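Asks: Chains A and B are the protein sequences, given in the same order.
Following the numbering used here, the numbering of the first sequence begins with 1 at its first residue and continues without gaps.
Following the numbering used here, the numbering of the second sequence begins with 1 at its first residue and continues without gaps.
It should be emphasised that the hints constitute simulated quantities derived from the structure, not laboratory data.
Just so it is clear, the structure is predicted and the values come from calculations on it, not from any experiment.
Quick reminder that beta carbons are idealized off the backbone N, C-alpha and C, glycines included.
Wrong hints could be hidden among the right ones.
[To be verified] So the derived label-pair ranges between C-beta atoms look like this: (1) Arg55(A) with Leu115(B): 28 to 38 Å; (2) Val20(A) with Ser81(B): 41 to 51 Å; (3) Ser9(B) with Pro8(A): 39 to 49 Å; (4) Lys1(A) with Ser9(B): 25 to 35 Å; (5) Lys42(A) with Leu115(B): 31 to 41 Å; (6) Glu53(B) with Thr107(A): 22 to 32 Å.
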Amino acid sequence: KQEVTQIPAALSVPEGENLVLNCSFTDSAIYNLQWFRQDPGKGLTSLLLIQSSQREQTSGRLNASLDKSSGRSTLYIAASQPGDSATYLCAVNTGNQFYFGTGTSLTVIP
Amino acid sequence: EPEVTQTPSHQVTQMGQEVILRCVPISNHLYFYWYRQILGQKVEFLVSFYNNEISEKSEIFDDQFSVERPDGSNFTLKIRSTKLEDSAMYFCASSGTLEFWQPQHFGDGTRLSIL
Numbered sequence: 001k002q003e004v005t006q007i008p009a010a011l012s013v014p015e016g017e018n019l020v021l022n023c024s025f026t027d028s029a030i031y032n033l034q035w036f037r038q039d040p041g042k043g044l045t046s047l048l049l050i051q052s053s054q055r056e057q058t059s060g061r062l063n064a065s066l067d068k069s070s071g072r073s074t075l076y077i078a079a080s081q082p083g084d085s086a087t088y089l090c091a092v093n094t095g096n097q098f099y100f101g102t103g104t105s106l107t108v109i110p
Numbered sequence: 001e002p003e004v005t006q007t008p009s010h011q012v013t014q015m016g017q018e019v020i021l022r023c024v025p026i027s028n029h030l031y032f033y034w035y036r037q038i039l040g041q042k043v044e045f046l047v048s049f050y051n052n053e054i055s056e057k058s059e060i061f062d063d064q065f066s067v068e069r070p071d072g073s074n075f076t077l078k079i080r081s082t083k084l085e086d087s088a089m090y091f092c093a094s095s096g097t098l099e100f101w102q103p104q105h106f107g108d109g110t111r112l113s114i115l
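Isolated chain B (complex conformation) (with noise of 0.2 Å):
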């Protein structure tokens, strides 16, 4: 069965450094999704994308986050200076053909400790 990867399963960067956090959605998918989930609390979203742009965005995804889907495969939450809150396990997810209800598949996640 079709699933979606992220890499990679575990990064460790300096606050203040810049982290890229990638994925591979499913391939015949069109709506795409950033989570995170900070320890002990709940799955938090960050943002969706569709049609090469984003499509929904919450208060978390401020201006040091950004989202690209730089060829057909790969999609990609950039964090442009990291700060000890960021810490946290990042989900990608993917969905839908032409209907954009259908059930939402998500990666393993990233965890991401920022030091």
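Excised from the complex, chain A in its bound form (with noise of 0.2 Å):
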């Protein structure tokens, strides 16, 4: 069965800092993997989709990578802003199923 990590679980930084977010999957068999925000008692609102032949995608200041045969994404941050606070998911598609890792909370201190 995949199981999906993410590390860390809580990160603050102060605004302005770059930051990485890690994701990592066990079963390289994926289809894509999408990141997500969640901010709280809100719904998912998706980031960013890789594909499973892609190395990396970009938005604006959000670059996701995956590395899909060692099982791990990357999501990177630039100058980050306190808007930025939230919850960030990571998910991968197993073909109709998806599994999402438990989050990093983020929190951009002004």
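Fit chain to chain and form the complex, with the hints in mind.
Replies: Here is the structure:
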């Protein structure tokens, strides 16, 4: 069974800092990996989707990489802002099923 | 931008009662999903639905759960006889036009509280 782990569980950084969130998965047979943001009491907002054949995707200050063979993905956030404070989730798609990690709770201190 | 909408935002139900959670996916999407998130735990996949039938379901999705697309716009999750452990946030998602490996778009969820 696919297991998805995210490290660290929580992260607190000063505004302006660049940071990296990590996601690892146990079974490399995936179709794609998606990064989400979740604000308290809210649903999930899609940030980036990386197909299994891709190595990275970029959107604004966000860059996600994927190393399928080693079962790892990273989400890089440049020049962090207080508005980036949220929980970040990664999810792997193994076909018709998505497996989520436990998330990294990010706090950006003004 | 089109979005997935879920109703109600909060549902309180007595244990043993039936509950129906409703979702309106993005209009041109073909793939639909239900997830749940128990407080403080991971988001867990329940079921995926395509072409008017279940594509895949998890171990959680037992006989007390069912899904339906009763018309061209709604997608519902029914829990037949609710238990205390069904208390969670339930998320609906939709994706894809012709290719399912497109981003999933989530609704804001329905918080289900079983008393």
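Asks: Is the gap between the beta carbons of Lys1(A) and Ser9(B) within 25 to 35 Å?
Replies: holds, 32 Å
Asks: Could you tell me whether the CB distance from Val20(A) to Ser81(B) stays inside 41 to 51 Å?
Replies: holds, 46 Å
Asks: CB of Ser9(B) to CB of Pro8(A), is that within 39 to 49 Å?
Replies: violated, 31 Å
Asks: A range of 22 to 32 Å was offered for this pair. Does it hold for the Cβ distance of Glu53(B) and Thr107(A)?
Replies: For Thr107(A) against Glu53(B), whose Cβ atoms are near 43 Å apart, the range 22 to 32 Å is violated.
Asks: Okay, Arg55(A) versus Leu115(B) on CB: inside 28 to 38 Å?
Replies: Hint violated: Cβ distance 49 Å, outside 28 to 38 Å.
Asks: Quick one: are Lys42(A) and Leu115(B) within 31 to 41 Å, going by C-beta?
Replies: violated, 24 Å
Going down the numbered hints, you'll see the structure goes against 1, 3, 5, 6, while the others check out.
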